[in-house]
Each structure stands twice: as C-alpha cells, then as structure tokens.
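There are 2 protein chains.
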Amino acid sequence: VGGGVGSVTPPDDQRPGQFFSDGRRKVDYVLVFHHCRQTSLKGSRGGGDREVCVDLGVGVDSVVEEAYLEGDPAEGEKVLIREEFEARLLEAGLEMERDTEIRVYGPSFTRLHAPWSVLSREAEFLKIKVPTNKVRLPTLSIFSMYLLFNQRLYYKAHSTCPGFLFLLHDEWARYGAFYKYQPVDLIRKYFGEKIGLYFAWLGLYTQLLIPASIVGVFVFCYGCNTVDTNIPSQEMCDEHQNFTMCPLCDRACDYWQLSSECGTARTSHLFDNPATVFFAIFMSVWVAMFLEQWKRRQITLNHSWDLTGLEDEEEHPRPKYQTILLQKKQKIRRNDKKKKKKIEVGTRDFIWGGGCLSISTSLLLKLTWRDRLPGYLINISSILFMFGLTFSLVFGMIVYRIVLSTVMAMSPDPQTKSNVRVTVTATAVTINLVVILILDEIYGAVAVWLTELEIPRTERDFEERLILKAFLLKFVNAYAPIFYVAFFKGRFAGRPGDYVYVFNDYRMEECAPGGCLIELCIQLSIIMVGKQLIQNNMFEIGIPKLKKLIRAFKDKGISLEEREGQLTRHPQQWNLDYTLVPFDGLTPEYMEMIIQFGFVSLFVASFPLAPLFALINNVIEIRLDAKKFVTELRRPDSVRTKDIGIWYNILSGMGKFSVIINAFVISFTSGFIPRMVYQYMYSPTGTMHGFVDHSLSYFNISHFPSGTAPTSKAPNITFCRYRDYREPPWSAEAYQFSKAYWAVLAARLAFVILFQNLVMFLGLLVAWMISDVPKDISEQLKREKKMLVDVFLREEKEKLHLVQTLFSKNHPSEGHPETARFRTLHPVPSWRLHSTTIWSFLTG
Amino acid sequence: VGGGVGSVTPPDDQRPGQFFSDGRRKVDYVLVFHHCRQTSLKGSRGGGDREVCVDLGVGVDSVVEEAYLEGDPAEGEKVLIREEFEARLLEAGLEMERDTEIRVYGPSFTRLHAPWSVLSREAEFLKIKVPTNKVRLPTLSIFSMYLLFNQRLYYKAHSTCPGFLFLLHDEWARYGAFYKYQPVDLIRKYFGEKIGLYFAWLGLYTQLLIPASIVGVFVFCYGCNTVDTNIPSQEMCDEHQNFTMCPLCDRACDYWQLSSECGTARTSHLFDNPATVFFAIFMSVWVAMFLEQWKRRQITLNHSWDLTGLEDEEEHPRPKYQTILLQKKQKIRRNDKKKKKKIEVGTRDFIWGGGCLSISTSLLLKLTWRDRLPGYLINISSILFMFGLTFSLVFGMIVYRIVLSTVMAMSPDPQTKSNVRVTVTATAVTINLVVILILDEIYGAVAVWLTELEIPRTERDFEERLILKAFLLKFVNAYAPIFYVAFFKGRFAGRPGDYVYVFNDYRMEECAPGGCLIELCIQLSIIMVGKQLIQNNMFEIGIPKLKKLIRAFKDKGISLEEREGQLTRHPQQWNLDYTLVPFDGLTPEYMEMIIQFGFVSLFVASFPLAPLFALINNVIEIRLDAKKFVTELRRPDSVRTKDIGIWYNILSGMGKFSVIINAFVISFTSGFIPRMVYQYMYSPTGTMHGFVDHSLSYFNISHFPSGTAPTSKAPNITFCRYRDYREPPWSAEAYQFSKAYWAVLAARLAFVILFQNLVMFLGLLVAWMISDVPKDISEQLKREKKMLVDVFLREEKEKLHLVQTLFSKNHPSEGHPETARFRTLHPVPSWRLHSTTIWSFLTG
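As given, the protein sequences belong to chains A and B, one line each in that order. Under this note's numbering, residues 53 to 896 are what the first sequence spells out, in order. Under this note's numbering, residues 53 to 896 are what the second sequence spells out, in order.
With the rest of the complex left out, here is chain A (with noise of 0.2 Å):
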C-alpha cells in the first residue's frame, strides 16, 4: 500500500504536497508505482524481460490487478491495469491527481482526493452514527468519520486544531509521558480501531499488572523475611545435622555435606514459600479479572468510537485464492470436454448428466478440503518437525549439559571443579536463549509460507490461521525448555545403585539440591528478561532502522541523481512519507505480548516476581510502539473492527491452561506438598522439624555397582543419603517407593484438583460478578434509542408537512391524491438509525 503520510516535520500551513496543485483539495491517500528499467536486450512485449523493479509500493487493493501480479505480467500489461484501476476509481468519485512529468523509472506518485459527496456516501454505508453524549461536540464526530475513509496528516489544518501527529508525538509518543494514560482516541483518529484497540488493551493489561506487581513483590518479600526463621533451611544449614549425601556422579564426584549447599537452600525458600501458594490463587483469579474487565473495556470502546452497529462484511476472496479457483475451474471444463468427447464415442447415458453438473458445479464452485488436502499435509507435517525440532534442541542442551558437567568433573584442575555448576548452567542457558531466538524469526518465516499453502479465501481467514500457527509455533518454542525443568528434570535420574544413563556413559541430570524450583525460576528469569531486552527492544529498534537503510540503499542504486534533483526541485510531502518503513501488521506486537503474558501466567507460582519485570517491559514497550508508529512507519490503512480476535481467544485459553499449570508446578515442583505433609502427618512434635531427615532416603553405599563408587578415598561412613522417598536398605522391600511416597503422591495430586477447581469456581465467579457490558454504558444505549425515536418522528413530521405545502400549492382545490401516494410510501414514520438523518440534523 502506497501511501500514509508519517513523518513528523516542523509544522507549515498549506506546506506543498498536503494539497493537490490547486491548493484547495486537499490528498487524501497516495499510490505509488515503480517504473521498471529494462534490462533485457530483447524488445519483444511477450515474455522474457527481465525486471529489476522493487515492487514495494503497489499493493492497491484492486483483486484484479493483484491476481495479475502474481502472473508477473509484463511491463506493457502493467500500465494497461494501473489504467483500467485508476478509471475504477474515478468512477467511484475520487478525484486524482498525477506527476507532471513523465519518468522513465523509480516511483511515481498518484495522488487522490475523496470529495465531500463521496465522503457522506460512504459514511452512509459505514452506518456511522453522531454520538448523542451531550459532552462530545458533533463536529469532532464528523471529523472521525472523515478519517475512516481517508488518509491525511494533519499538520495543522485549520487554525485551531493542532494537528493530530504532533498532539500524538507530545501527548504519546514520549517517555516522559509513561505514567499518564494514552491519549486512546486520538490513536483511534489517526490510525483506526484496530491499532487504537492494540494500545487500549496494551494500557489495559500494563494498568492491571500494577497490582499484580504489587503483591508479586509482596510475596517476594515475605520470603526474604521468613528464611532465617524457616525450620528446613535452616536444617539444610545446620552443620551438626550432618547428612552425608550420595555422590553427584560416577567415580569422580565424591560424598558431600548437605550443609554445603546451604545457600542453594536460603535461595529456594525466597521462591518456594506458603505466600507463593496464595500468590498463585491470586494470579490465577488475576487473569479472569483482566480477562473481565478487557471485555468491558472494549464494549466500553465500541460504544465510544460507534462501533456497536458494525456487522462482519462479506469479505473479498484473496487474489491467490481466486487464481487456484480459476485454475480448478478450467481444469475441470477440460476434463468435461474430453468426457463429452468419450461419451459420444461410447454410450450415450451419461451425457445428460455429465452436461448437467459440470454447470452447477462451475457456478457454485469452491475449493474444497481435496484440494487444500497436500497444503493441509505439509502443514501437519512441518509442525510436527518443527516440534520435532525444538523438541531435540531440548534433548540436545541436556546432552550439552550433562557432557560437559560430567568432563568438567573428571578435570584434575580443582578451580575448574567448583564451577562446574555455575559454568555449565551459564553457558547453557545463553546458548539456549540464542536458539530460541532465532527460531522465533524462522517459525514467524515459515508460518507465513504454511499458511499461503492452506489458501485460505479471505484476508481475516489468512490472518487467523497464520496468527494460531505462529503462536503454536513460538510458544512450544519458547517454553519448551521451561516445561522441562518443571516438570521432567531430575524425574527420571534414578537412584543410587541404578541410576538412568544416557548413552551408556553419562548420568541422566538432577536437579539442584535446593530443589527444582529454584532452576525453574533462574531459567524463567533469564528467557524472559534476555527474550525482552534482545528481541522486543532491540530488534525492534534495531530492524526497522536497518530496513530503512536498506530501502534507503536499494533506491539510491536505481535513480540516485534524478530523485535527488527531484526532490531539490520539489521536496512534496508524499516523497519524504515514501522513505518510511511500510507497517506490517500488528501480529508481531501483539505475539510478543501474549508470549510476554504466558510468563506472567503460567509459571507465576515460581516466579512472582514475573508480573514486575512485565510492567517495567510494558511501560517502555509502549512509548517505544507510540515512537515507532508516529516517526518510524507509513501511516497504516485505518482498519475498522470490534475486538481484538483471536487474540482474545489464545489469551483465554492461556488463562485457562495457565490454572493447571499452576496447580502442577506448586504441587509437583515446589516443596509445598511434602512439607504439608510432614508437618500434618509424620511429624511427632506437628512442627516442620525433622522434615529434612524425614524427606531423605538411605543408601547403602556397599550396594553401588562395581565402578560406580566415588574413587577418592576410603569412607568411613556404611549410609549415604538422597533426595527420595524410599524404603531404607534394611527394609524387605528395600529401595521401593515407601508409603511416605504414596501419601506425598496422593497429597500432590489432591492439591492439584482442589487448587484446579476453587481457582476455577472462582474464575466463574469473577466473571459472573463483572458483567460484559458496563451499566452506564447498556442505559445509554437504551437512551439513544428513545432520542432517536424522537428524532426521528419529528424529521417524518417536518417532510410530511413539505410535501403537503407543495400539494396545497399545486392542487389549491382538490384533494390530495399524491400526497395520498407519499403517505403510502410513509405509511408511518420511518426509522432510519443512521447518518443520513444526522447530515439533515447538522446541516440544516
């Protein structure tokens, strides 16, 4: 799409190129094409002429011309559809303008203007309505709808109004402004509902997260101020108690004091505490309240930027889509030829009925699921390899970290020994967030391809599809290696005597001894804040900027000399918006955010203190998107719509997977459940002391396998322990899993279907509480529709009457037959909801 005029430059009243060459009409929206050099030898028009042409700037949305695009027509052919396209839009009222002079290559500027007839058409077509809000002044309304239909800066129209980019650029677009609302509908003005619902709900979601960083940091300080009166810390710490723990690998790792890890321990608790518990009821009951109040929020919106009334358009189908359906359909009056053909050869039955449907079928023709079947199948089966992929890049930082802990280990060099876990753990997850990172950009690439493959027939299809493919895609990526830790690492490590090896040599890994949790939280921590700083701020700074020099490059090579003279000669405005970077979208900001919120939701319960670093992210975030949209881009075609889509539906399914998750992680992950446990079950004093004796099992260290000993020295101690529930070696069933093991089980799962069920009662019940439409805004309504009414009978009346002084006039003697004629027409007076009234209303 060609034009959107963007930039901020000093404010000039009548500046040239904000008016056609009269001065008085002002340009609307810009189309830009590209002249192609040729640089094939060959003159021929019919085929073989290479182009050189960047067809940045014709995306016109004329179907026709795209379909032929995709042929890659000719340059001769070009110039026959820009003129059949243009005489399109002069048939429906558009005023145009073009360069003066004829150039030979690099854009070329078509400027329109929609004039005011025009403008109250459409309007009309739109539905748009005057608010009946006293407060807001109708003139501003009609301002509204002009911007829906046309695209202008206004820099400073008119005296008094001081232009919406610059109020936009002081107003918004400034860091300075971070702790103030958005300036909501005048995004909505500028850049249509669509990116206007984008920023409200991003203001929404930044707003609501106050509060939920609030108690985040609350609980986060709760720990910090109970570990040193935390019995099992302090126990772990104690070193009389004097708990000699089984070596962490085979041969080289020797025996070690559990007070060694004390520090591991203190961590833990600040994560690992009773107030995590609450704090993941909270967060749970949390997103169904944003969930809530974003519903309000947008009726609230809807009502506001009239948007009520607004129904799904029967969409035009996509180019693509049009071409496989043309292709299907000649394909199949081929196909019928020949059978006619067979058919007179042979029998004659069939030739009724073949004649009969290959008509009906090519009338109602379609592509069905047959055709869509080989996209459809190399769809499932790049998702599934792409899941395969992220799946082994998994396995493979595993691999990684268990090679290299284990030769890390055996080195003689004792420096090198005792960094193994900071070094390993280091350098595994930097290279972990790289690869996330770079799949992210490749899954975003080939959802896009995979999607083209599924033809979808209209643009909304294209987008949802390509959005769930993309989340699935980037989600799967990014938690993938968070799942793991959550809820498979250490699980399938054994126990001494019969560990799990992975390829024969090396030890599956366990958890650190402070627990699962803790590493939860450290690879939470990094892949949030490291995928925030470096993909959203960066790249999105960054990649623009070097689009720009790119384009800004790419120009220079083809008409370097002549733009420059041009632009000496005639510096118009739509020459310096041309230079912009073209707006692609929304998917992108809003992928982030939903990425962002699954941190937020999913593993809150090991991390509160995700909610504070999401604000901090949000806060920037949004003056960096404000910056971006007013300074960076072309000014994006405004887009009507009532909600944020499918978004909405992937944030609740979110929301509702988040409660599961969360249930598991408290039960499964953390120390809650065991430590419940103890306390109401097996200790004798029904305090928490005892508990880290209770929580480890006996090895008997003459039952490890021969070569699996720690080879250091001699021991003098018969027991070793370990993190486990099992029975002790003089047990009859020694090594099973104890009952303490069932109960603890029993316990988890218990918690998770109480915890799973109260948060989702009272998810119901917040949403039952918080209705969907504010009270305000539903006895508003109902009262416009009464001043409508009014309104409007008052209007039939006043016709009525026009026509019955022109009938007096006409026929002074008789009767009124005509008017009996109108009246018929009018049986009664006429509804008419919509603008065309309101014209009358405020013109006359």
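Just so you know, the hints here were simulated from the structure itself, not pulled from any lab data. A couple of the hints might just be wrong.
Repeated chains share a single entry, so a pair holds when one copy, or any two copies, can fit it.
Said to hold, decoys possible - Lysine-lysine pairs mimicking DSS-like chemistry, simulated, CA-CA at most 27 Å apart:
hint : residue 1 : residue 2
1    : LYS372    : LYS827
2    : LYS372    : LYS838
3    : LYS694    : LYS834
4    : LYS583    : LYS861
5    : LYS246    : LYS232
6    : LYS78     : LYS392
7    : LYS861    : LYS849
8    : LYS232    : LYS599
9    : LYS232    : LYS827
10   : LYS679    : LYS694
11   : LYS694    : LYS838
12   : LYS708    : LYS347
13   : LYS861    : LYS392
14   : LYS392    : LYS606
15   : LYS838    : LYS469
16   : LYS347    : LYS834
17   : LYS390    : LYS380
18   : LYS834    : LYS849
19   : LYS837    : LYS694
20   : LYS390    : LYS694
21   : LYS838    : LYS246
22   : LYS599    : LYS680
23   : LYS708    : LYS679
24   : LYS469    : LYS380
25   : LYS347    : LYS694
Starting from the known structure of chain A, fit chain B onto it as the hints suggest.
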C-alpha cells in the same frame, strides 16, 4: 391477564365472540374484571368494605393500576382506575367494545380491537423485517407480525387457511405424532417466541437424547454380556474361595460368606465396568455438543423469526418496586422537613447542603442495597435454613435406616432377619421420594416469597432471581440423598474393632457388599423414575384439572344462575375461554427438564440407562405439554425473546459440574481404579485373578472390643475379612492404612485429574469446532444486507423523482430551491432497515 382465547371448539365461520357486534372488527384481546358483591353493610365509599370478589381476571399491564391494586382500593376507586386505563387504551388507537348490559357482579368482559394503523405503528417500533428468503411468502410474514401484537384465535380465518389451533391440535398435541418434529414455527406464531423457544429447546434435547440412549443401552448390554467372564464377580461367587467376612452389626449379626452376596456382585458388574468410563466421557462430550447445538439452533431460529435485531428494551419497573420507592421518597421528604426545622432552630450552616441533597437525591433516587438489606438477610438465612432442613432430612433417613436395620437384625424371627436389606431400602427410598416431592412444592412457594423480599426492579430481574433461587433449592433437595450415597455412605463407618457409632449405640451404615455404585444406581433410578412419573405427569395433569374444578366451583357459588342464563343467551367465545386455567409461566416446565438433565449428566457414570428413561419421559412430556397448552390453558400473552435466558447458564454450569462429579463417581464410587491398580501394580499374573483376596483386609477376631463380637456361636476361625486396604493384624502397624491404600488413593486422584482435563479439553474442542452461527445463516445475513441496500437505493430515487415532478409542476421555469432543500435532508440514499419501506414495497 384477562384475555387470550384458547379452547378448541368446532370450527365455525363468523362464530359470535370472535368479532365485535358489527361482525367485521375482530376481537384481539379481552379484558376481564369482576364486579364485587358488597357484603359489608356500610355503604360508605372511603373504606371498610369487605369484598368477596376473586381478582382472577384483572391483571392488565397498566403499572399504575396494579400499584393501586396493591393497596386494595375500594370498588368506587376501582371504577375510576378502570376508566382511566380504558381512556389510555383508546388514546393509543385501540378500539373497544363493552358488554351492553350492566351487570351487578361476576366477571365483565371488555373486548379490544387493534386497527391496521396501530398494528403498522407497532410493527415499525418493533422493527419487524420481512424475510428476504424467497421461499417464504410475504403474506405469511404479515400474519406473523400480526400475531405479535394481537391475541386472536384463527378458527377458520378467511376460508383458505385452516386455523392455527386446529393445525396445532392435529400436528402437535397428539400422542400419535410423537415421532414427528414439532411444528415450531406454528407454535411460535400462535404462542409467541418465548414459548416457541421452549418447545424448540425441548425438541432438540429430546432428539439428542436418542444417540445418548442408544450408547447407554449398548454400555448396559456390554455389562450383561461380560458378567459371566468377569473374574472379580466369579471369584466372589466361588464358594471354594471361602472368604469369611466380619459381621455387619454388633452382637446380633454373625460372620458371613462372601459368596452369599454373589447376586449383588453380578448386578454391580452391569453398571460398574470399563464401558462405563467410556460412557462417562461420551456423555460429557455429549453435554458440550448439546449446548453448542442449541446455540446454533437458537441463532437459526432468531434469524427465521426475525429476532436478530431485537435489543433489550428498557423495562417498566415492577409496581411493588415503585410503591416502595415512593415510600422511600416520602420518608426522605419528611426527614428533610424535620431537618430543616431543626437546622432553623440550631445553626444555619447546613441549610444549603441539606436542601441541595434532598432535591438531587429525590430525582435520582433508586433502591440501594441498604433498602434491600433486610430482604437479603432474610433470603440468606432462609436459604441456609432450607439447606439445613434438607441435610437434616437426609441425616434423618440415615438414622431411620440404621435404627430400623439394627432393630430388625435383633428380631428373633428369621423371616424378618433375612429381609432386612430389602425392607429397609424399599421403605427408606419411598419415604425419601415423598419427602422430596413435598419439599419441592414448599421450596417453590418459598422461593417466590423470598424473591419478592428482594424487591427486584423489573419483571425480568424478578424472574432471573426467582429461577436461580428455586433451582438452587430444588437441586439440593433432589440431589442431596444421591450425593450422600455416592460420596459419603460407608466412608465413615470405621473398621472392625473400631467402628463409628451414632447415638453411642448404632453403627454407621455401610454400602452393600457389591459396592456403593449399585446402591447409587438404585437410588438414582427410583428417584428419577418416581419423580418423573409422579411429579411431572400426575401433577401436571392432575393439578390443572383440580384448579379448574375449584375455579368452576367458586364461580358457581358467586353467580350460578346468572352465568348460566347469560351463557344460554350469548354463548360467546370469551365466556368459554374465561373458564380455562391461566398460564403461569414456563419456569416449572424448564425446572423439571433441568432437574432431569441433572440425572442425565451428573451421575450418568453410575446409571447408563438414565438417558433412555429421560427420552421416554420427554417423548410423552412434549405431547402432554402440547395438549395442556392447546386445550387447558388460556392463550398466554406472547413474549418476544432471543434466547432461553438464565436457563442456558444453568445448563452450562451443570455441564461443567457434571465433569467433576463423573470423575469422582468413577474413581471413588466405582471399583474401576482399584481393579486397574491391582492388575497393573500388584497382580502376579497380570490378570484380575486374586483381586478379591487383595481387596479384603484381615481382622483378628480376638481384637473385637468386649460386647461387640457375634454372640450366636463360638467361632472356628481366627481372622475375618473386611473390605479395605489396611495392614494385617500381624504387621507392626496393624490396622493402619497399607501402602496399597495410598497407591490406590493416588491412582484415584490421578484419574480425576486426567478425566477432568481430558473432558474439559474435548468440550473446548467441540465448542471450537461447532461454530455458533451456522454458515448458511451468516451468508444469508450478508446477502440480505446487500439486497436491502439495493431496495433502499431504488426507493430513495423514486421518492426524489416524485418530489422533482411536483416541483417542475409548481415552478415550471424556475430553478429548484425547494428540491435543493429536500436534497439537503437527503444528501444520499437513506438507510432504512426496517419495515416502513417494506410496507410500501408490499402495499404500493
């Protein structure tokens, strides 16, 4: 509400009573009022008159009148009110006919006729559209519109059309038509949208019960077929296995052989087998499917019944609400006066504040929660009391069973002794059923009373609150005993040697040796079948007939001779219709079905035949209801509504609840999980052989506390067995829960999580796959929109042309200044979606 003509009498063209005395204007609505016989001796008009009149007929929707009626005004005042009311009807354009003779007492009829102009105006305000679907004739739709406003009985209107009631009677209210779809469009045309939707819903529900019944019967058959090859029941029946069980009661009961309970074991297998698990999943998906299908059906009906554009109207407040609001206002005014006086006496600072407050508050005055607080408090305490009552009755039944079985077990008569279980179960369930039926009626009445106390603002509010309350109470009433059997019975009975006693003497009851599931099954089937047979069918047929009899009797008492005389003289239709039963809402009909839906969804895991019973009941129910509506009731006022309202929420809530209930029934009530755990964890052969032995624990009979061991004869055994997973007497932790107990518990809980999440996921999948709006409807809507645009464009042109013709006649040489003015009023073709244009279309 007075009128509505409804009884089926032989067709008779131009029958008296269908028309005004001029024989042309039809009777559209009939108002009835009673002249009261003044039994008081005082002739004064002011007060003190005692009236014996029965105010059955007068309930016209004039709010003022009803508000006055609350205060029970004297006869003279009533006449004034009636006159005012009738004047308003005339003002609204209705035509009226009164009885010619003035009667002293008894019912008096006022007939209303709505002329065409009034109908057109109201059609306009209701925004009734003409269908664009070419198949339906426009005349039909005018008909339908007609019926929305007027209340008329078409016996043989205009020759050609056979009369609605006769069609309904032949096509619908006939048992012979049970296999046919209901004529829903016809029902809606005669009874209005609300009742039409009810029958459409009932039809869909019944229709979807067919596949559920078939699958249910198959599941039952699977149980029947596998009962002979089922190893656990074979083992239980095998007398060689010789399991000596601990006695079922203290002292009086003896040890018994497990094989003696072979029968229940085999019966239990019919309902407790792996197919049941499949069936529970199937039914949960079925519920989701049903809800989605209903949404689709509702939208289809909305479209074909022209309800898509229907918006919530601002409703009139209820008279009761207005009365109380008035009282509040008066009170505030009185207080203000007092305050002012006080302020004048005291300081002068508060005058301004006080005065201002009273003015603003009296304008915006509403009833707040403060005014409703006493009502809410009474509500909450009453509901809690009634819950308490229900639970105490359940507990009472338990005590009854315990005491009766103990007493009968101690009886010396062997005949009595052998029949203990049968007698106890049969009497208990019967009493239970009777109690449920009685409480159901009481709770229904109490719910109405409680809702009145809440002072809801509108009729819709009232209905929603009433339904919610009545549902809650009736649901708890019907399901409390079932929940007890499913989840509590036998779980608090203790173990041999440590039984739990009620009232110090009576042992808590246990489930039958076959398991709790079979008891649940008996309980369910008796309550379900009994409730449906007695309440729905007997009450529904019996009570209306009884009411009619009582009414007839009362009327006779008042004016026997006169009425008969009048009837002979003028056998008018309204006299006949007046004897019918007034319609009192759909709530009882829905409630009955919803409670039944609970039997079909909530406990379906234990009783796969429930859908079949429900199906049989509903097939009869539909025709029974149809007969009632067509022949027994006065014609109800038609109500336009888009959906079934709060009932959908209740259904959907029940669907959600059923998932968790079924999960718990399968894992805790049925023996499915213990069997699975045995087979895959404990069985030495991997088969079910040895399961019964494994599921029984040992008890050393020397451990019986003194006085509880059987007295009958000296035992020749050391151990008796009981059903539980506990450590044997020779273990160190004798009689503690064994490891198997915890393993089974963990497996049960894991199953609940798995089942719940699987089924919820399937439900979401179903909801996602079945789109709410059928594709053809959404396409039809888009097409209609396009057609309307074309029609209106054409019509506007025509109108403009007409005006121009007039102008050219008027000012043959001048310009067209007036046309210009008209054009300002219509700058572009106007949009009118609604019927005015259609009228002109049809008529002009």
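Against the structure, the hints:
1. LYS372 with LYS827: So LYS372 and LYS827 pass the 27 Å test across copies only (23 Å; inside, 46 Å).
2. LYS372 with LYS838: Between copies only: 25 Å across, 47 Å inside.
3. LYS694 with LYS834: Answer is both; intra-copy 20 Å and inter-copy 17 Å each pass.
4. LYS583 with LYS861: neither (79 Å within a copy, 78 Å between copies)
5. LYS246 with LYS232: Close inside one copy (21 Å), not across copies (49 Å); limit 27 Å.
6. LYS78 with LYS392: neither (59 Å within a copy, 64 Å between copies)
7. LYS861 with LYS849: both (18 Å within a copy, 23 Å between copies)
8. LYS232 with LYS599: Intra 31 Å, inter 68 Å, cutoff 27 Å: neither.
9. LYS232 with LYS827: So LYS232 and LYS827 pass the 27 Å test inside one copy only (26 Å; across, 44 Å).
10. LYS679 with LYS694: within (25 Å within a copy, 46 Å between copies)
11. LYS694 with LYS838: Both: 24 Å inside a copy, 21 Å across copies.
12. LYS708 with LYS347: both (17 Å within a copy, 22 Å between copies)
13. LYS861 with LYS392: neither (71 Å within a copy, 64 Å between copies)
14. LYS392 with LYS606: neither (55 Å within a copy, 84 Å between copies)
15. LYS838 with LYS469: Neither: 81 Å inside a copy, 77 Å across copies.
16. LYS347 with LYS834: both (20 Å within a copy, 26 Å between copies)
17. LYS390 with LYS380: Classified as within; 15 Å inside a copy, 88 Å across copies.
18. LYS834 with LYS849: Cα proximity of LYS834 and LYS849: one copy only (23 Å, versus 33 Å across).
19. LYS837 with LYS694: both (20 Å within a copy, 19 Å between copies)
20. LYS390 with LYS694: Result: close neither inside a copy nor across copies, 50 Å intra and 53 Å inter.
21. LYS838 with LYS246: So LYS838 and LYS246 pass the 27 Å test across copies only (25 Å; inside, 30 Å).
22. LYS599 with LYS680: within (13 Å within a copy, 76 Å between copies)
23. LYS708 with LYS679: Close neither inside one copy (34 Å) nor across copies (46 Å); limit 27 Å.
24. LYS469 with LYS380: This pair counts as neither: shortest intra-copy Cα distance 68 Å, inter-copy 83 Å.
25. LYS347 with LYS694: Answer is both; intra-copy 11 Å and inter-copy 22 Å each pass.
When the structure is compared with the earlier hints, violations turn up for hints 4, 6, 8, 13, 14, 15, 20, 23 and 24 and for no others.
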